[in-house]
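Asks: Here are the chains, one letter per residue:
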Amino acid sequence: MAKLELHPDRLFPADDKIRGIARELYSTVKHLPIISPHGHTDPSWFATNANFTNPTDLLLVPDHYILRMLYSQGIRLEQLGIAPTGEENKIDPREAWRLLAGNYHLFRGTPSRIWLDWVFAEIFGLDARLSADTADLYYNRISEAIATDAFRPRALFDRFGIEVIATTEGPLDNLEHHRTIRQADWNGRVITAYRPDAVVDPEFEGFSDNLAKFSDLTGEDCSSWRGYLAAHRKRRAFFAEMGATSSDHGHPTAVTADLRASEAENLFERVAAGSCSANDAELFRAQMLTEMAKMSLDDGLVMQIHPGSFRNHNRPLFRRFGRDKGADIPMRAEYVHALRPLLSRFGNEPNLSIIVFTLDESTYARELAPLAGHYPALKLGPAWWFHDSPEGMRRYRRMTTETAGFYNTVGFNDDTRAFMSIPARHDLARRIDCGFLAELVAEHRLEHYEAADLARMLSYDFAKKAYRL
Amino acid sequence: MAKLELHPDRLFPADDKIRGIARELYSTVKHLPIISPHGHTDPSWFATNANFTNPTDLLLVPDHYILRMLYSQGIRLEQLGIAPTGEENKIDPREAWRLLAGNYHLFRGTPSRIWLDWVFAEIFGLDARLSADTADLYYNRISEAIATDAFRPRALFDRFGIEVIATTEGPLDNLEHHRTIRQADWNGRVITAYRPDAVVDPEFEGFSDNLAKFSDLTGEDCSSWRGYLAAHRKRRAFFAEMGATSSDHGHPTAVTADLRASEAENLFERVAAGSCSANDAELFRAQMLTEMAKMSLDDGLVMQIHPGSFRNHNRPLFRRFGRDKGADIPMRAEYVHALRPLLSRFGNEPNLSIIVFTLDESTYARELAPLAGHYPALKLGPAWWFHDSPEGMRRYRRMTTETAGFYNTVGFNDDTRAFMSIPARHDLARRIDCGFLAELVAEHRLEHYEAADLARMLSYDFAKKAYRL
Amino acid sequence: MAKLELHPDRLFPADDKIRGIARELYSTVKHLPIISPHGHTDPSWFATNANFTNPTDLLLVPDHYILRMLYSQGIRLEQLGIAPTGEENKIDPREAWRLLAGNYHLFRGTPSRIWLDWVFAEIFGLDARLSADTADLYYNRISEAIATDAFRPRALFDRFGIEVIATTEGPLDNLEHHRTIRQADWNGRVITAYRPDAVVDPEFEGFSDNLAKFSDLTGEDCSSWRGYLAAHRKRRAFFAEMGATSSDHGHPTAVTADLRASEAENLFERVAAGSCSANDAELFRAQMLTEMAKMSLDDGLVMQIHPGSFRNHNRPLFRRFGRDKGADIPMRAEYVHALRPLLSRFGNEPNLSIIVFTLDESTYARELAPLAGHYPALKLGPAWWFHDSPEGMRRYRRMTTETAGFYNTVGFNDDTRAFMSIPARHDLARRIDCGFLAELVAEHRLEHYEAADLARMLSYDFAKKAYRL
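Protein chains in written order, with numbering that gives the first Met the number 0: chain A, 0 to 468; chain B, 0 to 468; chain C, 0 to 468.
Okay, chain A solo, but in the shape it has when bound (with noise of 0.2 Å):
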């Protein structure tokens, strides 16, 4: 049996002289509080704080990248405890947890890896490395663990420091467990992020009958453009008195639109028909980001944009179980056109803040650092998705750094809903943040006063800052 042990420089180049350096670096942000500002964990864990059931519906079942490693070399989701739809799930969860230990070499060089080892090591204390020979010993150890108090939710979330969490939901979402833990006895600072795109998105499904819900929710007009706005304001305040700080827009393309009233308002009529092109949802998606900016100077929340994923590519795997089963592809992106017309309109306000992701990394350089790096209201997210990532950190600052400076970033967010993995994705951050500034100081580019200083903002203020927490 492999003894599975974290080692104190794990992530720090190799390199003495930066080694050093690093390891100083992050000793002063390692146990530095936890900001969240974006992901997708489930309030209702935090608002029930039930136990959680069993290790694979934990840690297997709601966790894409080891989902789909795991089908690419052909094992099937059913064998994972993933039902296709409408159908039960026929799989003891103990058989499933097992073909991930027999797997775990798969993992080997990916952030999974590193993610689920610090999860085992610090969270569960095992300290034999997962195989199929340990499988029943971390499926119990793990189901022990997982059935008293010390691992509810809020234990767990105020053991990992967590200063404060954003989960995400619709407009159409009443916030209740939000409400619960608001006025639970309980100090936890979870708060919600506005993600509209159920009632943006001409293309998403069930539209139509969402805008009627939309009506319904908040007494307006949705079938009028003017009704139709009045309900996201209303909406907007409704979740920001739920704590919310941002809003959130996962669009398929980055493209933006400063349409005319009048156009504008045509243009809705046809979506809001259901009788909309392509080309008028991409449109309307487009109009949408600007009148989000519009409502955002208003009110204040700060404005996500997650554009370049091809949701669902896997049209055979999509029928048979439906979203969000690893299935979804980057595309290449284009931001400078793109953003254009929302910048030309709003880039200048200096009160507004639109944080820009990416999975195109060959836009870091060449689009997104000159435009953060130029606009007032433009900052830059940390390396997203799949670039959530050691090497894909290390890409992002070497890339981004030199046009875009540091200042115009925001810090990391974990964007996940695997939450025992919270803590190992912001040590990960952290780690390789330090070392990136080490080579800095190493090469002379940087004074140790400065590092030390950047790895703090990188570690905590800017994130505090950029969402306005």
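Among these hints, one or two may not hold up.
It does not matter which identical chain is meant; a pair holds if it fits inside one copy or across any two.
Within a straight-line C-alpha distance of at most 20 Å, the following computed DMTMM-like cross-link-like pairs (lysine to aspartate or glutamate) qualify [to be verified]:
#1 LYS293 x GLU23
#2 LYS2 x GLU446
#3 LYS233 x GLU23
#4 LYS233 x GLU94
#5 LYS212 x GLU268
Because the hints were derived from the structure by calculation, they are not lab data.
Once you've looked at the hints, dock chains B and C against the given chain A.
Replies: Just chains B and C now, kept in the frame of chain A:
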């Protein structure tokens, strides 16, 4: 005269910690047999086992990397012993060799230099650097050597430790050399691969004639869709008999299609009539990738897709000298939309194996690693062509591993017609991979025993498995 | 107050083995004269040799890198001493300087910081870091210095060790400053370069007027294609008399065309009539690149192509302040198809020299290195603009060298109007190149004597040769 010495630590990262680990890993894979599953050596070499003629024809004339670099600095192809089509070479091969020698400094920093130095030192025992001063020394030494039995193709094949090598032939090839090799009193395993571009690409020179020959050769009526497909099946079966375990497809783009049977038939009719448009040609190539995948499901051939080269970019040069003179230039590539029809149809088949290559590194992290890290049928080919180089391989590993893992890659292939350089190329790949693994170990992202495991797989097992050898 | 010290090992890789080699290589090129073949200094400085006015006008106002960074963080251009078009600057330059000083932390990790620190320490002998606390100290010290004779432009030129510097002028410029310089009792070599965008780009502000002036200036009828071309030839000849050895072309894209004479003439008629479409404008610029190449074959001017910048991206800012305020943003670029018409026509001419630049690094390894590594007429310009930085240069070398070699590149050029920073920029480039070469030596990919050779060529010889200086 400068000394030529191959340093035992060459190509390992400089850091002592990493280098030590790399050296150790490499020592365990250095002598593993060579699996060469994709390349362009000439099967007649191994069939006839004749001596190579002279250093220039052996090392300079067939190597596009060398031709292009010398040409880029104003040396005419005629000076290098390449005659325009229809004309005779009037250059003394020794004179051409002297030109290479006198300009050998141009190759500083290129992989050609690394490969050639290996050939000079390891195969021919030369210990002074190639230069104007040593041109004749080299020419004489190499000439003498290749006149001996020990330097005949089969002897070199054995000396190089090649376990299996694949050549590439078109469906119209009768594979007589492969037949000869199989019947020879020699154990070397030389297999073919099915590369049907000449009868699949309507824009290929002589496409109509090729279809006619395809009919003659197979006894099928290749002017009908049904007959045309049957002809492919027959030739694939014959290629498989001659050892083929893969097909190979060198299309301008990665576009695939999944037409209904009647549409495909109509399209083929236009294509066979010789009257198809550029769009039709692209669509036909696209459809044929899906047809080939379907045949692969039946006959088990592994499918390779090599898209993205703008062939014969230099018009005047092409007119005078024809194909393959170093004027093929990579183009921007797209895979996410392009492969979707094929992947939606067959991407979930665990028994199908499609290996995709790219000349556009911006697709590594953005498109190919996410696709290969999800679809069971898809694997990622190694760094290809211009990227078959130390920095190219490092970028490949850094940009693909975190999302696709190592296990969705297929090891190394040399893709060359420069027979002498094959061991040099595998040696380079093994060194770079060991260096990369060593870095992961030094940063505690991987355990040493895991890296040792992977070093072997990247050097040997993965290629054998992926190509079903 | 933090100390300002330039560490002798700055910008060398941290590894001791590599650093030792880099240090040695650098010591041999550190004092080589500066060849500055492409830049935007103002020839009037050297013609009048007047003292610079104040620190703000010298170092802040003309530096777009500084403006854009401060602007991105909410500082208005007015506060920096930039008045809207037609208005007067009301800001005390000392106040603007204090703003820079108080926000100097924003430049951490950027090349601006490296260049500025060099200027502060080496030119002005400052030994405390710029900050709010030292703002006035800096302002006073610099003010005093630049009032002295030793800090007049010609004295600095000589002190900087500049062997030759090229400025950039349009065809309508009478080059009086260059004439003055040539007649002056001073040996500094200041030459011009022919940048005809204003009379080549139909979308340039005032294009029609420019054509009229072009006629007046040359005595040719620039409303006819023949006269227009003759006018170019005349001005090129005049520029060459004033020292020019190159032309420079700043087009939105790299598209070239090779129209038949009659087509070109018809196109010009539409263009000259002021009625051309956006497509016509693009086609005309494209055709003119080929026409310029043709003229270069006759008059020997080296041709530079600088494509890919979206000029004046920020519409409101452009309206208020005009061009060149840090709002130019790179766009995705394409060269393989774009350059083909030109290269098919003239790419095989060994006496033609076309130097191509890019703002899209994804084209380095994919397109530009393969093209420059093949076509005799094509060379690769250095890392440009936002990529003129330590990481940018490293990526450039890593992504171009293996395919294009070193010998198809042209050394460094500073491309700046920030005169003070010129030695800093060349020093940075030399350090980074020596670091890269040292890495190759440390990995035994290059011999030490070869690296020493190349260090000199990259620092001095290549630029001199490529630009025919």
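Asks: None of the hints should be skipped; say for each whether it holds.
Replies: Here is what the structure says about each hint:
1. LYS293 x GLU23: Intra 44 Å, inter 58 Å, cutoff 20 Å: neither.
2. LYS2 x GLU446: Classified as between: cross-chain Cα gap 10 Å, same-chain 39 Å, threshold 20 Å.
3. LYS233 x GLU23: neither (48 Å within a copy, 65 Å between copies)
4. LYS233 x GLU94: neither (48 Å within a copy, 44 Å between copies)
5. LYS212 x GLU268: within (17 Å within a copy, 52 Å between copies)
Hints 1, 3, 4 from the list above are not met by this structure, while the remaining hints are.
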